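Here the structure of chain U is known, so what remains is to put chain W in place on it, guided by the hints.
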Amino acid sequence: MKNLHEPDQMRGDFELTRREFIVAGTAAVALTALPGVGRAQPAATTSQSALPLTKVSFNVNGKLRELELDSRTTLLDALREHLHLTGTKKGCDHGQCGACTVHIGERRMNSCLTLAVMQQGASVTTIEGLGTPENLHPMQAAFVKHDGYQCGYCTSGQICSAVAMLREIKAGIPCHVTSDLTARPQLTAAEIRERMSGNLCRCGAYANIVDAITEVGGKSA
Amino acid sequence: MKPFTYEKPRTPAEAAAATARHPGAKFIAGGTNLLDLMKLEIEAPGHLIDVNGLGFDQIEATPEGGLGIGALVRNTDLAADERVRRDYAVLSRALLAGASGQLRNAATTAGNLLQRTRCPYFYDTNQPCNKRQPGTGCGAIGGVNRQHAILGSSTACIATHPSDMAVAMRVLDATIQTVRADGATRRIPIADFYRLPGDTPNVENTLQPGELITHVTLPKPVGGAHVYYKVRDRSSYAFALVSVAAIVQRDGTGRVALGGVAHMPWRIEAAEAELPQGAKAVATKLLAGAKPTEHNAFKVPLVERTLAAALLEAKG
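As given, the protein sequences belong to chains U and W, one line each in that order.
Residue numbering for the first sequence follows my numbering, beginning at 1 and increasing consecutively.
Residue numbering for the second sequence follows my numbering, beginning at 222 and increasing consecutively.
These are computed hints drawn from the structure, not numbers from a lab.
A quick note: this is a predicted structure, and the numbers were derived from the prediction, not measured.
Keeping only pairs whose Cα atoms sit at most 25 Å apart, straight-line, the calculated BS3-like set for lysine-lysine is:
hint	chain 1	residue 1	chain 2	residue 2
1	W	K536	W	K506
2	U	K145	U	K219
3	W	K223	U	K55
4	W	K247	U	K55
5	U	K145	U	K170
6	W	K247	W	K260
7	W	K229	W	K260
8	W	K260	U	K55
9	W	K536	W	K501
10	W	K223	W	K247
11	W	K512	W	K501
12	U	K63	W	K229
13	W	K260	W	K223
14	U	K219	U	K170
15	W	K229	U	K55
Chain U side only, calculated, beta carbon under 7 Å to chain W, not exhaustive:
hint	residue
16	G95
17	M118
18	I173
19	C175
20	E194
We treat Cβ as the ideally placed atom computed from N, Cα and C, and that holds for glycine.
The shape of chain U in the complex, shown without the other chains (with noise of 0.2 Å):
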């Protein structure tokens, strides 16, 4: 028995949908022919749905994207599921772990913990919208540099997170290690670690993670 809505709550469902999404990838089969991958809530097919499908747009990566969905579509379902921007993750599903963090304008947010139909007219930035393979973000280029993750998974969340991060201590917002509170608060280690912890890594590349955003906020100080 352990607290919900702590990271180390981490579901079965992880695992299952990992080794569906690696058996889709080895046996080439379209992602398309599998609702199942992701373990969508609902699932990505909803023609079964007794309910009247709701129309949104928002904006996304700097496109806008209309959608037609089952009420009950997160956000991060509607960004894998259904724009096929797999490059966010699904990691617990219950805000736990970080892995499925986006910018909704400026900010960081879960995307599994928010509405589709409740993003109508909103920016949201994927890590497909900070960097491509060409032409990385700083981020992105300093988490090579500095092996910031092993398996991968968390990484496009701590990414988008360890960005908006940055932009929060810029923006003068304190965090629970901040010693003044009205003082402006520093780029150190204990602050980089206490503003991530909402990112879990389970390959345990803090270190590495820390050395790379130090980097790029020392750069953009």
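This is chain W only, laid out in the frame that chain U set:
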């Protein structure tokens, strides 16, 4: 998740009308707790009323010299507000001790007050739980109850309230402003807002069906040293085992409330009178009638020690 219909009203009157049309509807703002519970079908509203279009997103000075906080002000913005950091630091500290950066960016002031317990028996739909399903019993009593209440619990429920922010609001004597479905408004002192579990642990506060929180008001600043001291199983992103919100004046008088020990923030005015006598005297009064469980007896000495640490920090 069970199917639901969705609407986003533009005015409080529209929201009120929506609650009248859809009994059992739920308001959604940040969604960080409600959606989590809906995925597990612990909450299964047939209709969701998205209140994010209603305004209520400003922090404004009140004519009495206090602060009026809109119900939709995000936890990040409340914690970072310069007036809160300067005059109500215990509130900033409590907010920053809770959740993660991502969650604080989404979670709202009213939603934080209304979040449900994280008792694992409440979350596990295979277990009995009088809070989730009245009359089924309590799995936590006699179960694994390390994180549960030591004060104010009943034979029906030993769950704790999970909010850090609410503990600070209690010590600051916040008032909760609401609008009811019929349009009537009222102000509820936070001391009268939460309920002990008693025989109806499913009823957690004094809000009526369809009643919407619009603001939380803080009285004018009381000065003093503000401390929020939280003890948890790891140093970040975990719920409190015991927390202390304290405001201590130079002469040693002040206010103190506990989190992590009861179904509501725990504040006893008779205990505060003992503050100049030190942590042991305060703890003795706060813990009067404490009923620890098999696994959480450690919380009794932990309350005194956390109080001692908080009072030391307040001395600076």
